[in-house]
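**Student:** Listed below, chain by chain, are the residues.
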Amino acid sequence: MTNPSAGNTSATALLLKNGRIIDPKNGRDETGDLLVEHGKIAGFFPSGQAPKSDGMKSFDLTGKWILPGLIDMHVHLREPGEEYKETIMSGTRAAAAGGFTAVACMPNTNPVNDNQAITSLILDKAEKGYARVYPIGCISKGGKGKMLAEFGEMKEAGVVALSDDGRPVANSQLMRRALEYAGNYNLLVICHSEELALSENGAMNEGALSTKLGLRGIPRSAEEIMVYRDLSLAEYTGKPIHIAHVSTRESVSLIRRAKEKGSPVTAESAPHYFSLTEKAIDSYNTLAKMNPPLRTTDDLLAIREGLQDGALDVIATDHAPHSMLEKDVEFDRAANGIIGLETAVPLAMELVRDNVLDVARMVELLSVNPAKILGVAGGSLSKGAAADITVIDPEREFIYSADMVVSKSGNSPFLDRKFKGKAVLTILGGRITFSELDS
Amino acid sequence: MHRFDHKHILSMEDLSREDISLILQTAESFKEISSRPIKKVPTLRGKTIISLFFEPSTRTRLSFEIAAKRMSADTFSIAASTSSAVKGETLVDTAKNLTAMQPDIIIIRHSFSGSPNLLAKHISASIINAGDGTHEHPSQGLLDLMTVTEQKGDIKGLKVAIIGDIAHSRVAHSDIIGFTKMGANVHIYGPSTLIPPGIENLGATVCCSLQEALQDADVVMTLRIQKERQKDPLFPSLREYASFFGVNRRIMEAAKPDALVMHPGPINRGVELDPDIADSTCSVILDQVTNGVAVRMALLYLIIGGGDKT
Ligand SMILES: [Zn+2]
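From first to last, the protein sequence lines stand for chains D and V. Take the first sequence: its position 189, counting from 1, is numbered 239 in my numbering, and each next residue is one higher. Take the second sequence: its position 236, counting from 1, is numbered 240 in my numbering, and each next residue is one higher.
Since the hints were made in silico from the structure, they are not lab data. A few of these clues could be false.
Computed from the model, here is a short list of chain D residues facing chain V with C-beta under 7 Å [claimed, not checked]: (1) E256; (2) G257; (3) A258; (4) G264; (5) L265; (6) S333; (7) Y334; (8) D378; (9) V379; (10) E380; (11) F381; (12) D382.
Don't be surprised by glycine CBs; every beta carbon is placed ideally from N, CA and C.
With the hints as constraints, model all of the structure from the sequences given.
**Tutor:** Shown next, in the form of structure tokens:
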């Protein structure tokens with residue numbers, strides 16, 4: 051697949067010293083040195099005992115965590131078609147700055163990625179990027195929800211999954227056929243579960259606050275009805291689905307129950323759903339407008355429980371860049387979505403500090419599980435594997451200010467929030483794609 | 005005397021009890037001006053007021069314009085059809101262009117909730133919300149409070165029944181908040197499809213029948229049913245609406261004998277309100293219109309700094 055060649059620094063050998071190496075997939079959690087040679091993980095050594103070589107670059111990572119490269123399985127890179135919001139280059143640069151070594155990009159570009167030409171174009175551009183890019187192809191032709199797109203051809207071109215994300219597949223028969231036919235190519239279907247008849251023209255969660263603000267509400271049922279439909283079809287066809295951006299308590303429960311029955315189901319939620327509630331909208335703050343909408347404290351707590359107990363498998367950002375043209379407008383007219391690549395780790399670290407997640411579970415949610423679900427490389431620090439590595443400083447304090455934003459768009463409700471815990475070094479196939487450390 | 009320190013009038017929610025009392029007292033003192041042979045005072049001479057209406061409106065716009073002219077302000081009016089909104093200019097751009105002309109007050113009506121808040125963020129002038137989406141219509145709420153205060157002396161302890169399309173009515177929202185703030189008990193009733201979730205949080209009690217809502221009411225407010233909303237299946241027909249949710253002489257017997265009947269207008273006669281009730285002596289619908297001018301004079305005066313002269 052993709053093997054980006056650009057980046058910034060390239061050294062033949064990198065030594066990561068004195069870090070806490072956390073690799074749940076291989077059962078490793080110990081302090082020591084990790085050696086990278088020729089883009090691969092060359093070995094692990096007790097502190098100070100790694101062999102030295104000429105031209106080796108080394109980092110003292112005392113107090114820092116060395117993790118398998120993080121993978122965000124739900125981003126919108128906007129290229130082709132909306133390069134003024136984000137490009138594959140700027141989006142992967144934001145990914146690297148947030149500690150991600152790989153992203154899976156949704157197909158709702160312009161034109162949409164429903165054919166091998168667009169898939170190839172994305173992969174070509176990604177070669178020079180700062181993270182591995184795994185394209186997701188459309189379920190339906192044109193993303194219009196009428197006919198199946200050409201799964202086989204897209205798979206040959208390199209898509210790793212299918213989704214009409216941004217819009218639900220409203221027609222249940224089409225969804226069923228998509229699951230069945232995707233099985234021929236072992237492609238995962240990612241569901242944007244939304245009943246449009248209930249959500250159309252809605253601007254925020256439905257409840258007392260939407261009534262107070264005079265904004266049209268989106269009831270939880272709009273999500274839950276379709277989550278149930280998609281779970282039911284997965285169970286019936288026996289084909290795997292992955293539910294995107296879960297936002298309500300009942301959705302978490304439905305998914306938990308489907309898993310208990312043995313259905314081939316996985317699911318993700320986004321950092322904003324476990325960090326913010328609808329209150330963030332307060333005085334018509336369009337930076338807190340997204341779909342599904344921010345919900346209530348009860349839902350937020352249920353998302354946290356789901357991440358903790360395994361009902362939810364993945365933290366994915368739904369990184370959705372928009373320029374001020376789409377956001378500095380009336381609330382009803384504002385576009386849905388926020389950028390998320392650069393704040394995912396700091397927000398996940400809040401859950402670690404609150405004892406919602408332990409570090410190993412955080413790594414599962416941000417690396418191990420997305421790799422497994424998408425069937426891509428990574429998710430572990432195995433000797434001989436490509437050196438995709440993320441280093442987090444759990445003590446690093448910072449304020450996420452507008453001038454820090456690496457993404458081309460600045461639509462984040464977390465601007466000016468104080469954080470503790472941040473990616474400080476990102477390594478992609480042995481190359482440093484982001485660093486704020488001195489070597 | 006209470007000092008009025010609001011730069012903008014965006015919602016009833018932003019106003020305190022004391023603010024509301026001051027606005028009503030000020031309005032009452034201005035009301036006399038409108039009954040003079042020469043209906044003009046120089047209070048706002050040299051001030052520039054722009055009305056920016058993105059939604060058709062006759063009475064609210066006229067009411068604000070008359071209020072401004074009676075205070076000698078220079079008024080300019082921009083309707084959506086003649087403004088650059090149709091050329092694709094954003095609200096923020098429009099606001100910035102208007103700011104360059106240095107108005108003192110911009111009065112805005114817009115079909116999207118929160119538009120006045122957006123303007124207030126980007127503009128140095130004072131903003132008055134003349135109705136935004138299904139959010140609020142504070143000057144209408146204030147004129148309703150003024151009308152009831154005039155008739156009943158005090159709002160505290162009154163039972164106010166609001167009947168009809170609560171969900172899409174910005175007037176209902178401002179009224180529920182305003183009357184509750186001033187100590188009235190607000191009861192609402194209508195088709196359940198038109199009662200929005202969490203409306204109790206604004207202070208209203210949701211009733212189970214029209215009878216219950218009107219029982220011993222001091223004020224009965226009916227709301228305009230908007231036929232254009234019919235693509236969302238909210239109720240089957242105007243005929244059925246009139247039979248089960250319309251206010252007529254028979255159902256008014258549940259209310260107190262001296263109950264006031266109000267309506268923000270324009271009325272669908274025979275739908276939400278029977279003509280013989282609308283035109284009866286208990287109807288204060290035309291007083292509402294008269295008080296509208298006085299309340300708007302008071303708002304213009306107070307936000308331009310008149311409240312400082314205590
Ligand atoms: Zn989606």
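**Student:** Tell me the numbers of any earlier hints that the structure contravenes, in ascending order.
**Tutor:** none
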